[in-house]
Structures are given as C-alpha cells and as structure tokens.
Amino acid sequence: MTESIQPKHFQTLVVGAGPAGIAAATSAAEAGSRVGLLDDNPDLGGQIWRTQLGKSGPDVSHGGGAEHWRNRLLASSVTRLQGWSVFDHPEPQTLRAERHETAADFTYDQLILATGARERFLPFPGWTLPNVMGVGAIQAMVKGGLPVRGKRIVIAGSGPLLLAVAATLQTAGAVVVCIAEQASLASLAPFALSLITDPAKILQGLRYKAATIDVPFHTSSWPLEARGTDRVTSVLLSLHGRTEEIRCDYLACAFHLVPNTELPALLGCRIEHGVAAQAAVVIDELQRTSAPNIFCAGEPTGIGGLELSLLEGEIAGLAAAGQSDKARRLLPKRKSMSRFAARLAKAFTLRSELKTLPTDATIVCRCEDVTFGRLRSHPSWRAAKLHTRCGMGPCQGRVCGAATSFLLGWNADSVRPPMFPALISSLTSTEKSTAPPNSD
Amino acid sequence: MIQTCDVVILGCGIVGSACALECARAGMKVAVIEQDTPGSGSTAAGMGHIVIMDDSPAQFALTSYSRSLWSQLAPELPLSVEYHACGTIWVAADSEERDEVHRKLATYTASGVPAEVLDSAALREAEPNLHHSLAGGLRIPDDAVLYPPTAAGYFMNQALRHSARLIYGRCVSAARGEVVLEDGTRLHANIIVNATGAVSPELTPGILVKKRKGHLIITDRYPGFLNHQLVELGYLKSAHSSTADSVAFNVQPRKTGQILIGSSRQFDDESSIVDHAIVAAMIDRAALYMPTIASLSALRIWSGFRAATPDKLPLIGPTEDPTLFLATGHEGLGITTSLATARLLLDHLLRRPSAIPLEPYLPSRMAMGVTHA
Amino acid sequence: MPEPIQPEPTPPNPIRITIDHHPLTVEAGSTVAVAIAIAGLPCRTSVTGEPRGPLCAMGICFECRATVNGVAHRRTCQLLCEPGMEIFTQ
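Residue numbers (the working numbering), protein chains in the order written: chain Z, 537 to 976; chain F, 13 to 385; chain Y, 5 to 94.
Check before you lean on any hint, since a few could be wrong.
As the list claims (entries may be wrong) - A few chain F residues that face chain Y, going by a derived Cβ cut-off under 8 Å, partial list only:
{"hint": "1", "residue": "234"}
{"hint": "2", "residue": "309"}
{"hint": "3", "residue": "332"}
Stated by the list, open to error - A few chain F positions that, by computed beta-carbon distances, are all more than 12 Å from chain Z:
{"hint": "4", "residue": "87"}
{"hint": "5", "residue": "120"}
{"hint": "6", "residue": "161"}
{"hint": "7", "residue": "185"}
{"hint": "8", "residue": "315"}
{"hint": "9", "residue": "355"}
What the hints contain is simulated information worked out from the structure, not anything from laboratory work.
We put the CB at the ideal spot given by N, CA and C, even for glycine.
Full structure from sequences and hints, please.
The structure is reproduced here in structure tokens:
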C-alpha cells in the first residue's frame, strides 16, 4: 500500500542524473542554490555513465570527466534522490514521483530537465526475440552483472555508441563478431575528418579504435532478420549489399538516439521538430524553455553527445542559481560543440532502406503485439492507436512511436499524465481509508 | 461539386456508425461525415459498458431493447471489438442499499430480464477483491462490455460494404437538406442525421445537449482480478445530479485483463485536461469498495465528454426542419443504446412500427416540456 | 524451458533470490533483469505468447516486466536484487 510522504522543496530541482543533470546540479549547488537531483535509476550516471557492477560511481571508461564530475557532485550539497520515477505535474511548481510503492511530491523554484535520450529501435523480422536488445541496453545489462565472457555478440544499427559499446563488451571478455553500421563510409568520412581537427575527440576516437581494432566494422550494413526459437541464435546481415548469416548469442541493435521530451511536453515546454524531424525542446542561450522557471539541458534539446550535455548542464545550473554572467562565459564553447553535434547527426542520418526492413507480419508495437501490416492500413498515428491499441501499452508509445515516426512519418499525440505507469495509489494524495463505504 | 444522398449522417461515433449501417442495409444511399477518425470522440473516451438501466421506464425500455440487439449481434463481431458478456453487479454497501437491490430485482424480473440477488458471501465469492463488509448486490448476467472504437469502425466498414461513403471533413452547416463542409464540399440530402454527440448543438443550435465531463483510468493487465463490471448503487445519484461534480464506483474488466476505473461527472468544465482532484476523488471512492485496486499499475488517464440532456434520455427523431433528424444526447449510455437508436431512427424514416414507443425520445418533447424520466 | 544456470564461480558478495521457485545466487549490484537472464528465462510472455526479455534496459520499453515480491509489472532492469527476493516471470 502506498503512503504519501511529506513534500520536499528545493530551490533548484534537477530531473535526471546523467552527465547533464550531474553538471547542472553540481553547478547550481556550488553557486549556492539548495539542489535536489531526482533520477529513476538505483545509482548515478544515467546511461552513458552508468555505474559498473561492484564499482561505486559512474563508469569512467567513456572518459569525458565522469570521475571528476562524480567527485564534485558528491562533495557538493546536492540532495541525491535515486530510484524516483517522475510521472506527473499535479500543481504548479510541483512534480510527483514514485519509488517502489511510495509516491511523493517535490516542489521547486527552478526546475532543470535533464531527462536524456533513449535508443531508437527499428523493427525487423525477429527483433522481439530474447537477447536482441539495444546497444546501450547490452552495455547496461553488462554493468548490471550480465556475464558475456566468451559470448558471441553482433552489434548493429547506427551511431557512435556502436563503437563505444563494442569496446566495453570486449573489455568484459565478449567476442564482438562485427559491427554493422548503416551509415555509408562516404557519410562518415567528413565526421572522421572533423574528428582529426579536435584533439579531445581524437583521444576519444583512438581509445575506442584501439580497443576495437580487431572487430570488423562494416558500413552500409544493417540487420535483415534475427533468427532463433526462444532466443536469438543467428542474425542475417546485409553487409555492403551481400547477405551473410552470423551465429550469435546476443544481437545489440539500435539506431542512434531519440530525446526524452515527454516530461518537458507535460510541463508545457515548447517542442519543435528539427534535425531529421526529431522532437527537441526549444531553449534560449541560457537553456531556458518556454515554460517559466524551467530549464532543459542535454539530449532533450537535441542529440549532441556527452560533452555538449555537460556544458549545457553547467550553463543551466549556473543560470538557475542566478549566475547568468558566469553561464554566458560558456556560450562560445557551446556554440562550437553544437556545430560538432550537428555534423555528427548528419553523418549518421538513417537511410531509407531501413524502412523496408519490417514485413507486414513484423510486430511494431511490442506492448500490444500489433504488426506493421495492421498499422499501415491506418491513415494516422491517432487512428492506428485507437483501432489497434498500438501505443496504449505501458511504454506509452516510446518504442513504437519512434519506429512509426521513421517508418510512416507519423507524429505522436500530446502527452498526458501519468508520464510513466504509476500505482493507482500514487495518483491520489490522501491517506487510504480502510473503512467500508457505508461508514461515511 | 454538389453530391446527392438519401441520408447524410454527421459523426462517425458509435451512434452515427450504427445509424449508417442500418440505413445502408435498408438500401439507402448513405454518406457519413467524420472530422477525425471513426469512434474518436465520446466513443473513444467512454467505458464500453452494455447495461440495462432502470432509472426510468423509458430508459429501461431503450437499454433492454438495445442490449438484446447486441446479444444477437455478438457472434458476428470481430475479436478486435473485444465483446465480453461478463455481466454487471450492482453493489450494495449497506442494508438500505440491499433493500434497493430487491426493488431493482422486481423491475428486472417483471420485464423478463435475468437478475440474481447476491448476499454478502455470494458477492465476496463472485468478486474476491471487493471489500468484505459490503452487503451484497444484484447480478445482471447478460450485460456486456466491449472496446468502442473498433465497434464503431466495424459498423462503418460494414456500412461501406453496403455502398455507404465515409467523408473526412468538418461540417460547418447542416439544415434544409444541405450539408456544407469546411473545405467547401456541399451535399444534398433528403435526410440529415446529427449524431455529433457532445458538440451537436454546434450544428443544430438550441438543442438541449450539454457537455458532461468524465474521467477514466486504465491499468496494466491483471487477469482474474475482476470478473464483472461493478457499479455502486449510488451511481444513479451521481448520474442524475444536475449540477454538482460527482464520482461513483464503477469498474470494468476488459478482455485484455486490464481494469477500467471510473466514473466521474462534471458540468461546466469544457477543458480536456485531466482534473487531478476529481481523479483522486474517483480513486478514493473506488478504493473504498475495492481496496486492492490501489496497488494496481495505472497506464493512462483520460477525460472525455458525454452528451447530456435534461431528462437523461437521448434525442432520437425529427426536428422542426423536415430534413433534419437527431440521434444524440446519449449521456453515459451511447454504446448500449446505439443499436436501438439506429433501429428507431429507421422506424422514423420508413414510418414503420417500432419495437418500443418512440415518444419518450422525441426531440419535440423538450419544446413541449414533456418528459418521461 | 531451459534449466537455470548457476554462474561459476560463486560471486564474492552473493545474494540469494528465487526466480519461478528456482533458487539463484547473484553478485550484489546485479539487477533483477540480469538475474532472470542468468537463469536463462524470458522475463515475460507477450500478449500473443512470445517470450520477451529486456530491449532498452533503461526503464522505457517495459519488456523486462516481472512480478517481484508479489508486485506485478515491476521494471526489473532498474531494480537491484535484494536477499530473499521472490521473482516470478509474467
């Protein structure tokens, strides 16, 4: 049974303890604000800095200052609130969140949304088999204790994460059979060139390259079918136009990232469709959204990678704490990072062949098992949702919405609470009465 | 270009689509105008409960006639409609309500509708998650539930098979045999049927239909948690209140194993934003009857508008405009009475005898100040 | 259904749990989703009967749902194993 607990008030409340949120919370606290940092995971780090099993604190293998920021955060006065899933905004300046079976209201003067991004999953035959999962996903599972020593893993999809995760998996003793990146060598080439002009990125690039030097990295390649009965046992890949079947224990496949804009949308922040028709929260130079007292930092403002997320977090934290001048000094650096981020997004643009991967029998909505054939007989997301129940399951359209947006050009409809499934008891604020109805 | 039809139906909700099918089957040239997608208005927002209501003889007649039409139709409904004859239990909280149960029983059995009184122990056996101290209930085994949008979609698809047309567009005027859409399309019709539900006064000014806001919550899958649709006896008080905001215990087991939790009624709130306070009140009420409901996972909350009339009965029949008929104002019984509404409408159009008296639902009763509630 | 697999050797900080009545020992800090994977089981069965396991492993996709200590539909990828936890796949 859920009990509501006393509300908690913060001058600056930060949602999301990935790099942007950590930087925001730390910067605001160091500037004198009373800060709370809400996150739905058991520990700090979000996705890219997820805590490794048995080690405390964020994963350091991705570089970019994880150790530095972790230490600064822990040394600051930030109140860390781990395990809280924000699902509603019942009153102004208030967020409601749930942790295990308890609900609580958190109030704020300033709010910084650092809700990060999730992987984009595109359906193809067999993608619902157990042991087919995302790229960041398999890394998260390994950090959560999944033994992969000696396991054959194929990595597919798109984005720099493919290389980064290949490195993590090799370190964990897996046999990374190959990487199938859908982008062409030609579209990656400018990206590689600009890497060379940026020393910080060369280091990052070399670290990954060194670790993955003996993993075949195929461009213009993608998965056609995952095969197996109760779990994946092989994957059919299209490698530079030729088809090859590769045995594997795991298939890690995801196509870049989609920003988590649901909470900003619920709070009334203006969202626009920008690069590659992706939704992004509209912000000004100090990371302010269109909603009063609400800032947004990191991936929800547009996928831009680790360093841009850190910088945006810092800017938002300083601005929220009233130190706009200090925040402004970071603007030139952010401008150049944004340019890099834009080049990155362009290099990994998804090719149209990926739209032909699902057959009519391929499940697109995994919550309600709705196939592609049933979906595409409808003219819009709304009609499909109503008549097939696609998007009405617990994922609330987060997986199938991103897929149908790419496959069919559909846009999801507006966000309503609860933003994540929540217990019935968490939706009401009063103490539960155990007296029968006839006694009032 | 001007198109000509026998019947133009405004609105492809459960009522509009049922009327379209009935008219198309009768050989009429039918066009349905829909501004969004079939079954996307109140039809999508409501509970999909097929229930006999005894708050007035006219309501009883309409709902029992329509329920029997649903029972006949059930075997041909596709799986996506999720028709499930789970029955209703009207729940009595105390001895006073238990007495009312016996009065209700008399009404149902007098009309030949199967009904069964449950004492406290029988109620607990039928629904283990109900609070143990409830006094009992009345079980109506032949009531049913379904998923409304696919039902409306099914009716429309069947109508299309009988050469009806579905036109996507927004109607801006509909009178004297002419329907005009926002994009300039004009249709000439011998008969126009306004089946636009909660917004029907927009197209037919002056009709006494008001928006009555409701909220629902749907949970994740919990097979076996709930067996019947459960409604508290106080539901009718809530439904009849003309001004106050009210909630009533009303829960439904979907065929998927998900639980639908309702119900709330509000006038004077025309925004579609979820009202946290009334949702909390609705949950608190439900938890009194069913404490374990508090520990279920809620996936979605939404609001919608019922089309409410002053006497709780729908408007079915002709208006002063000889070309314009109404099929609206069904409040919380649109799903239930859609099939009977379509039959009665056709009875009007074909001037043939109807299975139940038409008078209680005539739009003209409002002007004459006659009610049958 | 495949036999549950016991990780070799015994983890340094062992936590004992049960999955579908099978006892399992995992390293402290393991998530429930990982424990279910180590046991060789799918977390859940989909509405049309397909076996399913984690897809996103970050609390978004809900494919990792299982019943933990009597509470159904818990997202196991964000849940750390605790001693004595009773887990049932759904």
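Numbers of unmet hints, in rising order:
3, 6, 8
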